[in-house]
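Those sequence lines, one after another, are chains A and B.
With the first letter of the first sequence counted as 1, position 268 gets the number 270 in my numbering; the numbers rise by one all the way through.
With the first letter of the second sequence counted as 1, position 96 gets the number 98 in my numbering; the numbers rise by one all the way through.
Any given hint might turn out to be false.
All copies of an identical chain are treated as equivalent in the list; a pair is satisfied when it fits inside any one copy or across any two copies.
For lysine to any residue, the following SDA-like pairs were computed, each having C-alpha atoms within a straight-line distance of at most 25 angstroms [what the hints assert, rightly or not]:
no., residue 1, residue 2
1, Lys53, Ser322
2, Lys52, Asp37
3, Lys270, Pro360
4, Lys270, Glu310
5, Lys271, His363
6, Lys53, Leu146
7, Lys413, Ala173
8, Lys413, Gly56
9, Lys386, Pro295
10, Lys60, Val85
11, Lys118, Ile202
12, Lys53, Met3
13, Lys53, Ile36
14, Lys271, Asn144
15, Lys164, Ile34
16, Lys53, Asp37
17, Lys271, Leu412
18, Lys52, Leu146
19, Lys60, Arg50
20, Lys243, Gly56
21, Lys410, Ser332
22, Lys60, Gly35
23, Lys60, Ser383
24, Lys53, Gly145
25, Lys143, Thr395
26, Lys270, Asn394
If you're looking for bench data, these hints aren't it; they were derived computationally from the structure.
Protein chains: 2
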Amino acid sequence: MRAEIIAVGSELLLGQITNTNATFISARLAEIGIDVYYHTVVGDNPDRLKKAIGIAQKRADLIVFSGGLGPTKDDLTKETIAVILETYLENNVDALNSIEDYFLRANRIMTENNKKQALILADSFVLKNHHGMAPGMALEKNGLQYILLPGPPHELEPMFEKEAIPYLLGALGKQEVIVSRVLKFYGVGEAELEDRVQGILLRQSNPTVAPLSSQDAVILRLTAKANSTDEAVKMIAPVEKEIRNLVDEFIFGTDDDTLSSKAAELLKKSQLTIAAAESLTAGLFLSELASEPGISSSLKGGVVVYNEEVKVEQLGIPQSLLDEYGVISSECAEALAVKVKQKFGSDIGIGLTGAAGPSPHDGKPVGTVWIGIALQNGEVSTFKLDLSGNRNTNRRRASQYALYYLIKELK
Amino acid sequence: MRAEIIAVGSELLLGQITNTNATFISARLAEIGIDVYYHTVVGDNPDRLKKAIGIAQKRADLIVFSGGLGPTKDDLTKETIAVILETYLENNVDALNSIEDYFLRANRIMTENNKKQALILADSFVLKNHHGMAPGMALEKNGLQYILLPGPPHELEPMFEKEAIPYLLGALGKQEVIVSRVLKFYGVGEAELEDRVQGILLRQSNPTVAPLSSQDAVILRLTAKANSTDEAVKMIAPVEKEIRNLVDEFIFGTDDDTLSSKAAELLKKSQLTIAAAESLTAGLFLSELASEPGISSSLKGGVVVYNEEVKVEQLGIPQSLLDEYGVISSECAEALAVKVKQKFGSDIGIGLTGAAGPSPHDGKPVGTVWIGIALQNGEVSTFKLDLSGNRNTNRRRASQYALYYLIKELK
């Protein structure tokens, strides 16, 4: 099955927004073995949309549309498709109810325009929208599959995964379900990880194992196709185990976990409190932890000790220690962790010091970072990083590594 | 002139990367009055690329290509265009020199493959690449304009602005230069801003005035076309003045300014030092300031006082004040600002307290935030926000508003 994705919207052609929907849809179609041959973007113009559809009909078996399902006069994707397919739009009771429900929940008044959104292509299958008003649609005509999706990514993405993918699997005659499991790594580069699990990557077929890289983690996505969710889960388990046998030390979480959510979860579970003394990160570590709801029972607070005199005055780091070992040292990171733990009466103390850049600091090259972790039993560990980014990627990575080492200690 | 942008690259069709190049090129073309009618994405496949070009030739006067100019066998944009246009590739001495220079500068060894990148379409105009090896090309054939650009955005963007735009203006017979000036706003919504400057927006032509919205600011981009840079700058000045007369109170900076860079600049200029006590933002405000290089002479540090007892113990906020007014109050924000200024011996103190969400806090609804600013002369101001985002957009906006109010005080 060859697919084409047509995004409809003049704002895309004006460069006001980026076509991230095509990226998302392409990645999900690749997972179920559908090849995407073209992306097309066309404006809110019925003639040009008609021509684009005409071209796609000749070169694709599946056309996925995004955008143009809204309530305004500019939204004309389904109207244009109705003309081309020589069919008509009809009111869909479920869709109308769902739109009315949406307005009730949002406590807003429904306008006549919104009723337009309850119109669907005759004989189409409704793709439910749990995050907005416009229902999606799927239909087959003359051997071609058409999928219509709303433009906003937070509506399109769950609709595509939960409604369109099962529809497509059915259309492909596959009695299949797709189950994905994401393993999240830190402290290891994508190339090194691929190298270490290469044997598994090479013989992958079902489940597939795809390495992905994001800003804050390296990811392996395991995707199994099976006749039932249970079966798919059972197919993924041994592959996950095999991967864990090779590289478990770098896995900090799964699926929707982030470094901060995992650290917050483990802190809550262990009923331990934490405080931090931050130099180069200047509050970034604590702020990341505080992004997690319900952290207040674990997070006491901390100090930002940006320059040397503040470290001495506010935390009581001995000036002699700084003179002997320097501000960027294992000894300073340890002292920051121990002192902030004492000062805030927390179970765990974290210390962060380093040279973020752009210039070397206290004789240490840009990217040198020391992290200290003082535990409730009195033990203190320190970790050294040699980062190679710019000022702000170094600061961010230092904060993320501190979360990663914290997770390892809490496990 | 009708334009089409064709991005070449299988990784786009696999959903591994997003076509941000089309967004960038579209926005720049809109500025010089060229309408983009279609974006197309096609894989590294010569047959399908040929077909895509054939379609574009029928519906566009200008085709802009991105990607496929690299050294590998998969890179075949210029080779395919050569076949279609019945022309040939020739070695370009300047391009080869520039590639050799690049390898010298990068201290890397040049391979035979890289010489392929010095081949350009016969009779084409070379678009210089100052950030990579592949030169771009521009040529006219049978009344159509073809522009070829490398895929990596950090190479494509400067090449398009500095090389392709002047070429296009020349091709359009315009002896013009384009100059843009960006005004950055905070504390005002895009809709309200547009409403207040509507008179200017409506009669805009040269300079054009385009409202843009980004995560952290509302932006007006003024773009003038003129015969010289001087003339363009002179055309922008009165329009900027007129805008400032209407909404100057919301303008925090221009061009590349961010809230944190502007705050850091004003702190340095005034030689004032700063400290902050952060509750809901938990270090985010200080971390934003610390993202600016050279901030260490201004930024003393601060405390993260996440829960009530820490506010009392670490900063000496009177328990009676918290009991009387609550943690989320003008009084608490003021006390945080004053106390942290005293404790750190800084000229300015900032206090941040509020209910980030997801649940109300201390009887205050989600999104209620108080910001306190204590100045060197003993004056203290407090500001209330009623934010409507989720936990982390509220935390981020609170931090950004604190920077914005700080900028206003420093001005």
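Checked hints:
1. Lys53 to Ser322: neither (76 angstroms within a copy, 72 angstroms between copies)
2. Lys52 to Asp37: Intra 23 angstroms, inter 19 angstroms, cutoff 25 angstroms: intra and inter.
3. Lys270 to Pro360: between (37 angstroms within a copy, 17 angstroms between copies)
4. Lys270 to Glu310: between (33 angstroms within a copy, 19 angstroms between copies)
5. Lys271 to His363: Result: close only across copies, 23 angstroms inter versus 38 angstroms intra.
6. Lys53 to Leu146: The answer is both: 17 angstroms in one copy and 21 angstroms across copies each meet 25 angstroms.
7. Lys413 to Ala173: Neither way: Lys413 and Ala173 sit 45 angstroms apart in one copy and 64 angstroms across, limit 25 angstroms.
8. Lys413 to Gly56: neither (57 angstroms within a copy, 58 angstroms between copies)
9. Lys386 to Pro295: Classified as between; 22 angstroms across copies, 30 angstroms inside a copy.
10. Lys60 to Val85: both (17 angstroms within a copy, 24 angstroms between copies)
11. Lys118 to Ile202: neither (50 angstroms within a copy, 34 angstroms between copies)
12. Lys53 to Met3: For Lys53 and Met3, the Cα distance is within 25 angstroms both inside one copy (22 angstroms) and across copies (19 angstroms).
13. Lys53 to Ile36: Result: close both inside a copy and across copies, 24 angstroms intra and 21 angstroms inter.
14. Lys271 to Asn144: neither (57 angstroms within a copy, 70 angstroms between copies)
15. Lys164 to Ile34: within (13 angstroms within a copy, 42 angstroms between copies)
16. Lys53 to Asp37: Intra 22 angstroms, inter 17 angstroms, cutoff 25 angstroms: intra and inter.
17. Lys271 to Leu412: within (10 angstroms within a copy, 45 angstroms between copies)
18. Lys52 to Leu146: Classified as both: same-chain Cα gap 16 angstroms, cross-chain 24 angstroms, threshold 25 angstroms.
19. Lys60 to Arg50: both (16 angstroms within a copy, 13 angstroms between copies)
20. Lys243 to Gly56: neither (48 angstroms within a copy, 50 angstroms between copies)
21. Lys410 to Ser332: within (19 angstroms within a copy, 41 angstroms between copies)
22. Lys60 to Gly35: Answer is within: at 21 angstroms inside a copy they meet the 25 angstroms cutoff, but 33 angstroms across does not.
23. Lys60 to Ser383: Answer is neither; intra-copy 63 angstroms and inter-copy 66 angstroms both fail.
24. Lys53 to Gly145: both (19 angstroms within a copy, 23 angstroms between copies)
25. Lys143 to Thr395: The answer is neither: 50 angstroms in one copy and 44 angstroms across copies each exceed 25 angstroms.
26. Lys270 to Asn394: Result: close only across copies, 20 angstroms inter versus 29 angstroms intra.
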